Structure formats: C-alpha cells, structure tokens
Amino acid sequence: MIERTTVIDGLYQDLVTIRAHAPLVHNITNLVVMSQTANALLALGASPVMAHAEEEIMEMVRIAGATVINMGTLDAQCVQRMYLALKAAKVCHVPCVFDPVGAGATPYRTQVAQALIAAGTPMVIRGNASEIMALANNECGTKGVDTLFESDNALEAARTIVRQTDHVVVISGEKDFILTKEQEIMIRNGVPMMTKVVGLGCTATALIGAFCAINPNKSMASVHAMTTLAVAGELASEKSAGPGSFQYQLLDALYNLTFEQLAGRANITFSAAVNFVV
Amino acid sequence: MIERTTVIDGLYQDLVTIRAHAPLVHNITNLVVMSQTANALLALGASPVMAHAEEEIMEMVRIAGATVINMGTLDAQCVQRMYLALKAAKVCHVPCVFDPVGAGATPYRTQVAQALIAAGTPMVIRGNASEIMALANNECGTKGVDTLFESDNALEAARTIVRQTDHVVVISGEKDFILTKEQEIMIRNGVPMMTKVVGLGCTATALIGAFCAINPNKSMASVHAMTTLAVAGELASEKSAGPGSFQYQLLDALYNLTFEQLAGRANITFSAAVNFVV
Amino acid sequence: MIERTTVIDGLYQDLVTIRAHAPLVHNITNLVVMSQTANALLALGASPVMAHAEEEIMEMVRIAGATVINMGTLDAQCVQRMYLALKAAKVCHVPCVFDPVGAGATPYRTQVAQALIAAGTPMVIRGNASEIMALANNECGTKGVDTLFESDNALEAARTIVRQTDHVVVISGEKDFILTKEQEIMIRNGVPMMTKVVGLGCTATALIGAFCAINPNKSMASVHAMTTLAVAGELASEKSAGPGSFQYQLLDALYNLTFEQLAGRANITFSAAVNFVV
Chain A
1 MIERTTVIDG
11 LYQDLVTIRA
21 HAPLVHNITN
31 LVVMSQTANA
41 LLALGASPVM
51 AHAEEEIMEM
61 VRIAGATVIN
71 MGTLDAQCVQ
81 RMYLALKAAK
91 VCHVPCVFDP
101 VGAGATPYRT
111 QVAQALIAAG
121 TPMVIRGNAS
131 EIMALANNEC
141 GTKGVDTLFE
151 SDNALEAART
161 IVRQTDHVVV
171 ISGEKDFILT
181 KEQEIMIRNG
191 VPMMTKVVGL
201 GCTATALIGA
211 FCAINPNKSM
221 ASVHAMTTLA
231 VAGELASEKS
241 AGPGSFQYQL
251 LDALYNLTFE
261 QLAGRANITF
271 SAAVNFVV
Chain B
1 MIERTTVIDG
11 LYQDLVTIRA
21 HAPLVHNITN
31 LVVMSQTANA
41 LLALGASPVM
51 AHAEEEIMEM
61 VRIAGATVIN
71 MGTLDAQCVQ
81 RMYLALKAAK
91 VCHVPCVFDP
101 VGAGATPYRT
111 QVAQALIAAG
121 TPMVIRGNAS
131 EIMALANNEC
141 GTKGVDTLFE
151 SDNALEAART
161 IVRQTDHVVV
171 ISGEKDFILT
181 KEQEIMIRNG
191 VPMMTKVVGL
201 GCTATALIGA
211 FCAINPNKSM
221 ASVHAMTTLA
231 VAGELASEKS
241 AGPGSFQYQL
251 LDALYNLTFE
261 QLAGRANITF
271 SAAVNFVV
Chain C
1 MIERTTVIDG
11 LYQDLVTIRA
21 HAPLVHNITN
31 LVVMSQTANA
41 LLALGASPVM
51 AHAEEEIMEM
61 VRIAGATVIN
71 MGTLDAQCVQ
81 RMYLALKAAK
91 VCHVPCVFDP
101 VGAGATPYRT
111 QVAQALIAAG
121 TPMVIRGNAS
131 EIMALANNEC
141 GTKGVDTLFE
151 SDNALEAART
161 IVRQTDHVVV
171 ISGEKDFILT
181 KEQEIMIRNG
191 VPMMTKVVGL
201 GCTATALIGA
211 FCAINPNKSM
221 ASVHAMTTLA
231 VAGELASEKS
241 AGPGSFQYQL
251 LDALYNLTFE
261 QLAGRANITF
271 SAAVNFVV
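Protein chains in written order, with the working numbering: chain A, 1 to 278; chain B, 1 to 278; chain C, 1 to 278.
The set of hints was computed from the structure by calculation and includes no laboratory data.
A quick note: this is a predicted structure, and the numbers were derived from the prediction, not measured.
There's no promise every hint is true.
What the hints assert, rightly or not - Non-contacting residues of chain C with respect to chain B, defined by C-beta distances greater than 10 Å in every case (computed): (1) 163; (2) 166; (3) 254.
Claimed, not checked - These stretches of chain A come out as covered by chain C in the derived footprint (C-beta under 8 Å, 3 or more residues): (4) 23–35; (5) 204–210; (6) 215–222; (7) 243–249; (8) 252–261.
Idealized CB from N, CA, C, for every residue including glycine.
With the rest of the complex left out, here is chain A (with noise of 0.2 Å):
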C-alpha cells in the first residue's frame, strides 16, 4: 500500500510544478462553464485556452499540456470539434480527459459519449454516477445534469469502461472514485455545497487536465486534482453563507491552498489487490 504521506507529497508537489510552470490547458467545453472553468484553471495556476475551430484545433492541442472535452452544450457541431481534439491528442500525445455532461439524459447524448470514449484515443473520463453508469449501459436515466445515483453505484459501470477501454474513471459524488485495471482509490473529502453551484463537475474535470499535463501518471493526476477541488470546497463552504459566496471562496482557496490544508484534510484510501466492495 501506499503510505498517506507520499500520496500527498506527491500532490503538493504537482500543484507546485503547475503553479510554477503554468501548463496550458486546452478546453473545448460547454458555453454554461467556459469562464468558471478558465477561472479554476488560473486560480490552480494554469494556463487555460478555449479554441474550438476546425482551422486550429490540431495546432491548439499540439501546444497544449492537455486537452479537455465537455459534450455539456453538445451539437453537431461541437461533436465534430470534439473528434477533431480526440484525433489531435492521440497524433500528438497530449493527454485528454473527457466530461460526458449528462449522458443518459437523452439518447443522443448517450450515443455521443460512447462513440467517443470509443474512438481509440486514451483518457480519462469523469462523471457523475448516473452518467458513468449511461456510458457502460443504455438503460440508465438521470435527471438532466445531475445524478440519480450515489457514487458507489457506478462502480460496476466504471469497472466495465475500464476493462473495455483501459481509459482512466473518475466517478465523483459524495465519494470520488478513480478506477484502473490495476487499482481504485476513494477520496472522502468535499461538501454539499459543491451540487448547488453549477458546473464544478466540468471544474472537476479541467483541474484534472491541468493535473496530467504535468504527471503522466493518469490516475493519481485524477487523485490529485479530485483532491485538490474537494479541498478547496471544504475549506470555501466554511467561509460562505450560500452558493454565491461559496463560488468565490472556492476560487480563494484553490488559488491559496497550502500543503498544511491538503495534510489535514485530504482522506484518499488505495484498494490495491482488492477492489472496494459496495
């Protein structure tokens, strides 16, 4: 097993080399979260870009640290984007995580997300249960945007994409999940207060970007970024009165977050051999 303290060292030490070397951090993403997003990845210390035309995306991810892609104001259009991002990541190299924003909602955005995640480039995915569970099984619903199912829930749906794809899965909710072949990690930490601000999955999952840019180790990139937005929100919901405070302080704190914060409150836990039985 892995020892807590080198879990986070080697989280302070990303948020370190992120903050020192401001990696750029390549979104096509939904129209409701564009500025939040950018605004995550500046407070965490990196370098957002938000491009989304055919004539650049090739070149727009070539130079970036990551690419990150969110079907949340998804159409035609953006479907194509998003494939072109996908091409350009795997020709390229650059780690892509992906946010499949409400699959299961509709059929169309069910059949959007899987026919990405099958596209043959690696990645990471995160998602909320209800979505994690319409990627690996059609018959499952959600509520538009947000979850019908608790994190746990998902497990065996998160266990299928990564046996069928290899790609890294984040499952978040009140437990966070990260899911490979060769092991699942839990992280206990965040509040409420983070469903009743919109968008802090797709935060969630440019932190994440912003994270692999710098760690080519997928999955605890994933654990750190998880780790680090969960944070923040604890320690942002303790200064606010409602979800508009709580939306500034979160940007606070993430811009502030010291290596006492992260010790003190970070609560991850490693399954290695076994997997977490729910």
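Let chain A serve as the given structure and place chains B and C on it in line with the hints.
Just chains B and C now, kept in the frame of chain A:
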C-alpha cells in the same frame, strides 16, 4: 380579492416544493447569461439543464418541468431551436416561458419575437417595457437590451398581447406587472441595483420557469417568481457595496430566503375587476 | 507636454459622461468572457449589447456608440460576423475596437487578426505583447492566450502597425502603452492579480469601446479606459484574498470609482516628440 397572507403562504409553499423536488428546468438561453441563469435556478432549488441540439430538444423538454426560451443572442440556428422547443412544449404539455430580449432594438428581433409568440404554444412572456411594447407595436424602439420606458407605459401593449394570444404577460421594471385576461397583479419590490448586473431579466424569466414547473397556475407562478427574485434583490442590495458583491449576495439570498423575509417585504397588489389605471 | 491634472480632469469627465448617458456598446466577443464584459460595462456606467446575427449586425452597430470585436473563440462564422461589424462601423462612422485574442498562438488566429486589421475600418487594437508582436510579425509565438513577453518588447511591433495602418495600438501588460503616429503614452497602474482572472484583457478592450463612444479622441479614450481599469484593479486587489474575491471587488471598484481615487493613483506618462526608448 385575495388575502395577502394567502398569497404569501402560496408563494412560500411553492418555494418549499421547488426546494424539495428540484424540478428540471430546460433552458435555451443566451450566451451571456447561461452560467448566471443556471446558478440562480440552483440557488432557488431547481435543477437547470441547458441543451439546444436539434437531436435532443424534444426529449429534453419532455422530461422537463418547464422550458425557458430566451432570444438574447439569437441567430438563425437559435431561432430554429426555439421553435423546436415551443413545438415540444406544446406536444408534451410542458409549461413554456419566453424572454424577448431586445425586441424593438432591431427589426429582426421584433419579427422573431412576434413570430415566436404567435406560434401556438401557450406561454408566459416576460420582458421589460420596451420589449413588451415592441411585441405589440412595431414602431417602438429600445436602446439595445435596456428599456427606455417605465413598466406602466407598457400596460396597454401587454393587454393587447393578452387579448390576442391568451398568453400571460409579465412586464418587469421598478413595478412588475403580471397580466392575464382575468386579472392584473402589481409587485412593488426590487432595487435599482438589479439593472446594474447583466441578465437579471433573464434570471427572472428562468425563475418563472421553475415556479411554473410546480404550479399549474401560470400567473400565480409568475407572481411568486417575480416576488422571490425582487425580495432576494432587496436583501442582497443591503449587503452589497456594488454590482460585483450584489451578484453573489443575490445567489446567497435566493438560497437562504425565508418565509419571514418574504412575508415582511412582499408588496403585491391585485386588481380584480378593474385594471390598473395608469 | 500635457499637464497631469488636465489628463485626470479629462478622464474623470469621460467617466461622468458615461455614467450620465450610458452609451450603448455593441460587442461581438468570445464565449468565455461575455458575461464578465457585459458586467464590467454596466459597472462602468455603459449599456452593453451582445448581438451577432448577420440579420441585425448592421442595425445594431448603427445605433451603438461603439462596436467591440474580439476573436477569443473565433471560428469561420464568427469571423464573418466580425467582418460585418467592421463594415457597419465604417459605413456608420461608429468607433471600433479590436481584440486579437491569442494572435500568434496558431497560424489561423494570426491570419484572421491580420486580415481584420487590414480590412479598412479605423480601429483601436488592444492586445498583450505577444499578440501585438504576432500582428506585426508572423514568426512570433505565444502560449495560448497568455503573453510570453513584457509590453515593452512589443513597442516596435506596435509602431510598425501604427505606421502601416494608422490604427491606435494599445499594448497591455505591467506597463500599458497607447501608440499613435503622433504620440506614445505609458500607464503604470494595475496589479499582477489581473492576470489571474480570465478575460480582463477583453474587459479592457470593451471599456475602450465605452470611452470611444463618448470621446472622439480615440487615443485619449484608450488612455482613460486603461487607467480606469488599472486603478480599479489596484483598489480591488487591496480588498481581495484571491482571484475569486478580486473579480467581484473589481466590479464594485469600477462602479464606485471616484475622482480622488483616479487622481491619487493614475500614473500616466506622455512622450511627445520622442518615443519611449526601451
């Protein structure tokens, strides 16, 4: 006449219902306010979804409690999508709310707005005075998306629309008016600071959607939504040093709104038999 | 040389005029900053409108005090719309401000930006050092939308553009420069935190539009806009714990900005006959 306490009780009951059931509110809205609208719906207790792909509009409206269409950043594609949402709302008997942003500013906007309200789907229309006047009369002008008139000035225009279409019409301004064939209701709440933040009209429209999702009486749902936002605006402005802090305070106020705050501030006047004379 | 008090008086007079008359500022801007740009224009006292439909651009520019075009999230459709706005601005003699976001990051961006500034509409161009250098010289690179150079490094590039096009060029950075054929002006205000929030360059561009709407001297309007934003940034940073609180404090500071604050902080240097040597 309706007793004031009955109105406040009904309003608060709706708020409790929204918070308990988190109705799904589908939005095809403008690019400027998407994030703010979603956050306001979340702060209220509703579950927002922004989705505009032709491939899923019918499905998304069908599972929603209400659909909100807003033409703020309209173009030909957006107009087509709004028609699809209107059609879906009619077929699926889902309440529909329409925001004719900037009607009157250009002939294109006026024509699109007039065509949408004539398309045969029952709706609540919420606009400022200039917009409502433009819907009833091509010859009125506005300055971009801001009104040049007091809401009282648009009462005759609103009555014309109500008579011709049977839609519910909401004129927002220093005084808000909600008009049906049977009744006119005036709300005197809110603060000037609400005009110093972009998109609070759009937010009002979206909140009407949330209340319509759980209250079949569209005019009362509109009264409840407009009062909720205006009272939250009053509370927020008392804690704000400017439009920046007002924005987050408004979300906090919506999230924390109590019966006492509503009862202590709501200023609603019903005109049963006789219309307001202005 | 111009007296400092004359400059401050002129700046404050412009601010008073904007607050009194709320000039309409038309924007075709990127999807990331739309909301922020609109809120900054409102906080300043202007009236923003975001409209990009081919069917109404000519009409919207015609009734506007200025038009602002920003290529942050450009694609083929967006480029076509920006050309229409440029054409309308020329025909209607409406001041035009252009933000070449990310010029230099990809060949596509550089080519589009160069073509737009060569299209024959007089304009103010505001960019960071990398962007201005890319406009003058294809061989310069940037990292996404962030600059790799100090603003001083772009002075020669800016002079080349000014000579070739007669546009006013604004280079923003730790020092801001405003260049015309006759004069170069330097502003030393602002704080590093302004680079930790997405889109403050775009906000600067939009504020130039607001000042150009009421002041026919485009270079002085640019000086006034850049100084206003930079001084507001200083005030905001003193009350902020991070980029989240900075964002709302900036809007509050713009809204409440006083003559005393401007007079006490504005650091503007004019170079009449001789250019700044760097």
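Cross-check of the supplied hints:
Consistency note on residue 163 (chain C): stated as away from chain B, and its beta-carbon is indeed over 10 Å from all of that chain's, at 36 Å minimum. No Cβ of chain B approaches the Cβ of residue 166 (chain C) within 10 Å, the least distance being about 29 Å, so the stated non-interface status holds. Not every beta carbon of chain B lies more than 10 Å from that of residue 254 (chain C), the smallest distance being close to 8 Å; the non-interface claim is violated. Counting residues of the region 23–35 of chain A whose C-beta lies closer than 8 Å to any C-beta of chain C gives 5; at least three are required, and the coverage claim holds.
For the region 204–210 of chain A, the assignment as covered by chain C is violated, since 0 residues bring a beta-carbon within under 8 Å of that chain's beta-carbons and 3 are needed. Counting residues of the region 215–222 of chain A whose C-beta sits closer than 8 Å to any C-beta of chain C gives 0, which falls short of three, so the coverage hint is violated. Chain C is given as covering the region 243–249 of chain A, and this holds because 3 residues of the stretch bring a CB closer than 8 Å to a CB of that chain, at least three being needed. Coverage of the region 252–261 of chain A by chain C holds. Counting CB-CB distances below 8 Å, 5 residues qualify, and the rule asks for three or more.
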